[in-house]
Amino acid sequence: MARTVSRSQRTFSVAVGLALILAFLPTSWLMPWTSYLGGGLDIFVQPAGEVGISVRNWLDPPDDPLREEPQRVQQLIEGQDELRRLLHFARLRIDTLEEEMRELQDAQRFHKGVVIDPLFARITGRSPDRAHGLIRLNVGTRDGVTQGAIAVFRGVHLIGRVAGDVARLSSWLVPITNPSNGRVGAIILPADDPLAPIEAARRIWLEPNNTGALVGDLDKDVLLRDGDIVRLHNDPSWVDSAQGMILGFVESVTANDRKPLLNSIVVRPRYPADRLAYVTLKIEREVVLTEGVQP
0 MARTVSRSQR TFSVAVGLAL ILAFLPTSWL MPWTSYLGGG LDIFVQPAGE VGISVRNWLD
60 PPDDPLREEP QRVQQLIEGQ DELRRLLHFA RLRIDTLEEE MRELQDAQRF HKGVVIDPLF
120 ARITGRSPDR AHGLIRLNVG TRDGVTQGAI AVFRGVHLIG RVAGDVARLS SWLVPITNPS
180 NGRVGAIILP ADDPLAPIEA ARRIWLEPNN TGALVGDLDK DVLLRDGDIV RLHNDPSWVD
240 SAQGMILGFV ESVTANDRKP LLNSIVVRPR YPADRLAYVT LKIEREVVLT EGVQP
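Position one of the sequence shown corresponds to residue 0 (numbering that gives the first Met the number 0), numbered consecutively onward.
No lab work stands behind these hints, which were simulated from the structure alone. Cβ coordinates follow ideal geometry from the N, Cα and C atoms, glycine included. Be a bit skeptical, because a hint or two may be false.
What the hints assert, rightly or not - List of simulated lysine to aspartate or glutamate pairs, EDC-like, C-alpha gap at most 20 angstroms:
1. 258 / 206
2. 258 / 216
3. 219 / 250
4. 258 / 218
5. 258 / 220
6. 219 / 256
As the list claims (entries may be wrong) - Label-pair restraints from in silico Cβ distances:
7. 225 / 71: 50 to 60 angstroms
8. 191 / 236: 53 to 63 angstroms
9. 220 / 125: 39 to 49 angstroms
10. 204 / 85: 43 to 53 angstroms
11. 168 / 94: 29 to 39 angstroms
12. 79 / 198: 49 to 59 angstroms
13. 277 / 195: 25 to 35 angstroms
Modelling step: build the complete structure from the supplied sequences, incorporating the hints.
Structure, rendered in structure tokens:
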């Protein structure tokens, strides 16, 4: 028994002495072989450590910074939805503006030299017959409105013209589908080639049919398609600024039973007057020329 204790003491003393010797050795001598030994021990220790970490995370999961703020999460979701809506609206607005620009550039072919002042007018009333009844506007002589001034939507779509007896603060608009307008001279341009030469366009006379559309007859040998563009053209009963404005689009082409050589054409406005909240009046302005000055 005494021999065993003595041997243990000698072993302990040797270990302590070895530790003291190693403590005073340079670190550069110790790093290579201590790292090697430590890597060997990690093989046995690390798996148990990973299991311990997993058990700890399962028993006590890490804090979720948003777990305690459900209202904040909802606000972020709503904000994201709002940004998407605004982006979609902006894209639609850009497409609309580009289309309006193309239409306005195209309309310049028909009434070059006409100087107009656009006037925004809000619709404040309607007559009982919404399909083709008169429309009340919130502008009058005080704003420069005169009889015959045309009203458009999106720049080139003809809605109607101002009736007589314009009041100081208000006026009445006669839609193009109102029977009082009588026949309207127009041309038809193909939908797939809206910039086709005007000289090659087909001439047609249209008149309201009391259903919110315009109708007319055309030779059967004229090839038309639904959606072709119909523009007012060379009609002296309308002011110069109305020439070239879009009346609508070909809605249907059918055989005329009473006139075998003709087809009946139905033209429908893209923007019916009874569905609008506002229009733009085109007030023609007289230009006084002076010597050496071009309009």
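Satisfaction of hint between residue 250 and residue 219, Cα-Cα up to 20 angstroms: With a Cα-Cα distance of about 16 angstroms, the restraint between residue 219 and residue 250 holds, given a limit of 20 angstroms.
Outcome of range test on Cβ distance (residue 277, residue 195; 25 to 35 angstroms): holds, 32 angstroms
Restraint check for residue 258 with residue 216, where alpha carbons must lie at most 20 angstroms apart: holds, 9 angstroms
Residue 258 paired with residue 220 [C-alpha distance capped at 20 angstroms]: The given pair, whose Cα atoms are some 14 angstroms apart, holds under the 20 angstroms limit.
Given hint residue 218 paired with residue 258 - CA-CA distance at most 20 angstroms: This hinted pair holds, its Cα atoms lying about 10 angstroms apart.
Hint check for residue 198 and residue 79 - Cβ pair distance inside 49 to 59 angstroms: holds, 55 angstroms
Verdict for residue 225, residue 71 (Cβ pair) under range 50 to 60 angstroms: Given a distance of about 53 angstroms, which is inside 50 to 60 angstroms, the answer is holds.
Distance restraint between residue 258 and residue 206, which requires alpha-carbon spacing of 20 angstroms or less: It holds: about 17 angstroms lies between the C-alpha atoms, which stays within 20 angstroms.
Hint check for residue 85 and residue 204 - Cβ pair distance inside 43 to 53 angstroms: Cβ of residue 204 to Cβ of residue 85: about 47 angstroms, so the range 43 to 53 angstroms holds.
Cβ distance range 29 to 39 angstroms for residue 168 and residue 94, holds or violated: holds, 36 angstroms
Hint check for residue 236 and residue 191 - Cβ pair distance inside 53 to 63 angstroms: The hinted range 53 to 63 angstroms is violated for residue 191 and residue 236, with Cβ atoms some 31 angstroms apart.
Restraint check for residue 219 with residue 256, where alpha carbons must lie at most 20 angstroms apart: holds, 12 angstroms
Violated hints amount to a single one, hint 8; each of the other numbered hints is respected by the structure.
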